[in-house]
Structure formats: C-alpha cells, structure tokens
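Residue numbers (our numbering), protein chains in the order written: chain A, 5 to 159; chain B, 461 to 617.
These are computed hints drawn from the structure, not numbers from a lab.
We put the beta carbon where it would ideally sit given N, CA and C, even for glycine.
Accuracy of the hints is not assured; some may be wrong.
Claimed, not checked - In silico DSS-like cross-links for lysine-lysine, where the CA-CA straight-line distance does not exceed 25 Å:
#1 B:Lys538 - A:Lys84
#2 B:Lys484 - A:Lys86
#3 B:Lys514 - A:Lys157
#4 A:Lys53 - B:Lys586
#5 B:Lys514 - A:Lys87
#6 A:Lys84 - B:Lys514
#7 B:Lys479 - B:Lys603
#8 A:Lys53 - B:Lys538
#9 B:Lys586 - A:Lys141
#10 B:Lys586 - A:Lys87
#11 A:Lys84 - B:Lys484
#12 A:Lys102 - A:Lys118
#13 A:Lys86 - A:Lys118
#14 A:Lys86 - B:Lys603
#15 A:Lys86 - B:Lys514
What the hints assert, rightly or not - Some, not all, of what chain B presents toward chain A, calculated at C-beta under 8 Å:
#16 Arg492
#17 Ala496
#18 Tyr559
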Amino acid sequence: MAKQIYYEDVEVGGEVTPLQKIATTRMLVQWAGASGDFNPLHYEEDFAKNLGVGHPIVHGALKRSWLVNLMTDWIGEDGKLKKLSCRYRGMDYPRKMKTFDEPQDGETWWCRGKITKKYTEGDNCLVECEIWVENGKGEKTTQGSALAALPSKSK
Amino acid sequence: MAAFVVPDSLKQLVGQAEKPFVLKVEEGAIQRYARAVGDANPLYNNVQYAAQSKWGRLMAPPAFGGWPVEAEGFDMIKFVARLIGLGAPAGLLDGGVDYEFYSDVGAGDTLVAVTRVESIEGRETKLGATMITVVETTFTNQKGARAFVMRNTFLNF
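Only chain B is shown next, with the shape it has when bound in the complex:
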C-alpha cells in the first residue's frame, strides 16, 4: 500500500478560509452538552449556582462549540464530507485536536468562527493510504476577544 496522492482539487483548498459562521451560546445547549459528557460541574449545569459564581452566568466547558457542534451556516461534518466529494478517500476518522483557550465562553455569548484549511497531505498509515487534513478554526466573541482556537486533524482512508 502506498501513500495517498492528494489531487489538485484538494490541494487548492489549503490556506483558504471558509465563510465565517456564528455560534450563539445557549443555556440549554450547554446543559445538554455537559449531561452528554457526564460532567456534573454546577457551573455548566446549574443556572442558579452559576449566577452566584464570579462569572454570574452559566458557563460552557472549554471546547464547547468546537468540533463538531453545529452552528448556523456551518457544519464541520458537511465540510469534511465535501473533501470526499473532491476526491478524498471515503472513510473518515477524527484524528485528534489541539485547543488553545483564551476568553471564557458562557451563555449569551455570540461567537464568530473562521475555519481555514491549514494542510492536506497523503501518507501511509495502519489504515492504508490515508489523507490527513488539518483545519484551524478561530472563535472570537461579541467583544472582539479571541475565545479559543482549535486545530482538528481528520483522517480519510
């Protein structure tokens, strides 16, 4: 098995930014997320408790709003599925993620996110001929402060 050869249709995506998308951070979405993780932290679950904390509102766990949470006008999965349409192997796995956290995120925030393809390369892995895509997304809050940056690695095989 050889390394995957990245076609030009995909290579030309590198460096390109997607249209910015907006993520409104809602109480209910935070609570559902925390429950799904099994994270009982009252800051993410209990509105009364959070209101009396130093933040004064329900907070979101770090990495909330990152991959793969859907947002208005953007769906990371559809974005990745598009790569398949452009010639990437059809098998898809989430390879991993790197986060840098800046401003805390909580209910009532509106985040604007910009996604950019950082790199696409072909390799041979234990999955066979694999395409590795790194996508960077920067989330900025309504005050213009950077909230967090995530760098996702996807494996198409």
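In isolation and in its complexed conformation, chain A is listed as follows:
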C-alpha cells in the first residue's frame, strides 16, 4: 500500500492520485459474475444495438467501483470514505481480447479527482473531492463527488 496521507498533506485544488483502468470484454464478464448484473446490454452485440447504444457497454456500477477504488487507494487504511456519488454521462466500450488474458490495443481510462473543500467537523478532518472517469479521448464519461475523513498528524 502507498504511504498514508494526512489531512495536513492535502490542499484545495490538489489532485487525488490518478488510477488507470482498462475495460476489456473479459473484465465485463468477470464483473457480471462478481456483481450479479447479467443485463445482456453488457455482452450481447445485437441486444446493445437494438437498444441504440451500438455495442455492449461498460457497466455503470463497474465505473462506480473504479471511483471507490480511486478514493480508497488515495485515503489509505486510516482514511474513511463517508460518501460517494456518481452519474453515468457517457457510454464506454470495452477493449476486445487479443489473447486469453491480454487485451487488444485501444482505449485506456483514468480515474481522477480534485480536492474541492477541506474542513473539520468535531473530531473529523474531512475532504470533499470532485471525481470522474475519463475515457481515451479525455471525455468525462462518469462524474461524481466524494467525501472522506483523513487522519490528522495532530491527533
């Protein structure tokens, strides 16, 4: 795990350590099994086409989980995620597989965040962040916010 971050280390406007993700058809199958979301929209070509989204799309809830991953990596074990919200603004299409476990070349996603506010409330040292998932073109396909408590060096 990365070094623990403290409330005193962060400033408004600062960046949440970015997290890279590559959505693949394999990952979508894995996510369907782990999450229980078997909507054919995420694995059946004709079904997705008929719904007007072109091709099978990345599950919104998987992108949400990437954002949770972004936040929990950044706040560390002594941080506590208090709230997280996100809205799915755009479709994302997974890379197809080249081999059994290697994806074809293609799009790479980045989960990113920016600190918008820091304040204390009782014993809690809180930070608010704007968070998002960016596709290969730099478009924010999922946008949201998070509230987390960070440990303080003075406690």
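Guided by the hints, dock chain B onto chain A, whose structure is given.
Then chain B, alone, in the frame of chain A:
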C-alpha cells in the same frame, strides 16, 4: 418527443418498501468482486494480511453489496424489470448512485437491506421519453448498526 407519462400502476409504488432481504458477506464474494474491479488492496484480497490489520478480517470495499449484487430473496435487476411489466419503457440504463457509508462491512457480516421506491417521474431526455426512478436501500448489520445507504437512479426509455 414528449416527457414520459407515468401510469398509475407505477405511481402507486412510490413510498412502498420491499420485503427486507439478507446479504451474507462472504470472503470469496469479496475477493471475486475486488478482482473484477481490479482493486489490489490487500484488505479486500489477502486473508492473512487482513487478519493482521486493525479490522482482523477480510474487509469489503465500500459499495460492495450495493446494486447490483444479488442477495437471497432479492435481485435488484428483477425488481427493476418488474417496473417494465407495470408499464415502464423497456430500455433500461443505470443512471447513477449516491452512497452514504457508516459502519465498515467485512467477511462474516450479515446485512439486512430494505429497499423503498423514493420517486418515479417522467421526463424528456436525450434518450427520448424517459422514466426516472429513484430507489433507496438501507443496509443494517447484525449488530443493528447502519452500514450504508444507497440511492440508485434508473432510466427507462
């Protein structure tokens, strides 16, 4: 294209609570979930590491157990599919989610969840005539402490 007009068959669901359902949090389910996300945090993957942490057991990432994880006696997708049976447009998209996290969740916990339809409204969106449903689910652990609350937004179009 006009806004979707919500039929009475759906309007009457607002405010109604579903039968509570139980979610047993298991080590294997947490690990499969973390691997699917690509989250390498040892607290969610490594039983030995987690046992030596301050929690003493494998922990679940926040939002584990929320939509759309299946649980005994409840399947959020079937619940949403029921809306279609009652007159909602057949296209379904997950619009987004809001979480509030309280007590940490880990292997061995048993969560009881209650789902309630908060609102259903018709709108015109870029998808066309769309029905927007907000469903709130509160998860309580075996000690009676609130674990987390999630508010899901679904789009039928």
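Broken hints, by number: Hints 1, 10, 12 not satisfied by this model.
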